[in-house]
Amino acid sequence: MTFDEILTQVLALLQRQGRVSYRALKLRFHLDDEYLDVLKEELIDAQRVATDEDGRILVWVGDTTGTAAVSSQLPQPSPQAPLQQDQPAKIALPPTTPSTPEAERRQLTVMFCDLVDSTRLSSQLDPEEYRDMVRAYRGVCTEVIQRYEPMVLVSDKPIKSNCS
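Residues in the sequence shown are numbered from 1 upward in steps of one, following our numbering.
Wrong hints could be hidden among the right ones.
Unchecked claim - Each computed EDC-like pair below joins lysine to aspartate or glutamate, with the alpha-carbon atoms no more than 20 Å apart:
1. Lys26 / Asp37
2. Lys26 / Asp52
3. Lys26 / Asp4
4. Lys40 / Glu5
5. Lys26 / Asp54
Hints are computed from structural coordinates only; laboratory data are not their basis.
Construct the entire structure; sequences and hints are all you get.
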């Protein structure tokens with residue numbers, strides 16, 4: 001990506017979120033320290049649409065008209081038609097990356113836990129005792145599983161299989 005393309009995307013991101021850390025910018029746009037310094041200089045000193053907070057955060061201070069003026073200074077992909085003088089000027093922001101994150105791969109582990117002979121146990125125990133036993137079993141399972149920071153979903157309903 002060219003500097004102008006990165007600048008356009010950072011402007012849109014900053015305006016949308018209001019503030020962004022320098023570390024996040026470095027990761028998102030694969031910037032080195034020198035590139036980030038030039039980007040900060042452009043946004044803070046040259047265009048005056050952002051400020052530095054504690055040397056770690058870039059904070060949006062511009063308004064929408066400031067952004068439109070900044071965007072009009074950036075190279076446009078095609079010439080725009082002349083505006084009529086009796087209509088207010090409408091300047092579109094350059095296209096930015098989609099707001100939805102790109103696809104990513106994640107590891108998913110599904111675990112099914114069941115009490116062996118739980119049906120037989122439920123007929124032998126008082127309903128309250130059986131409920132307490134199942135709660136204790138779930139509590140122990142959840143405690144062990146939570147060590148791995150998962151999302152735990154618990155269901156009382158049996159899962160019907162589509163397999164024959």
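Hint check against the structure, violated hint numbers in rising order: none
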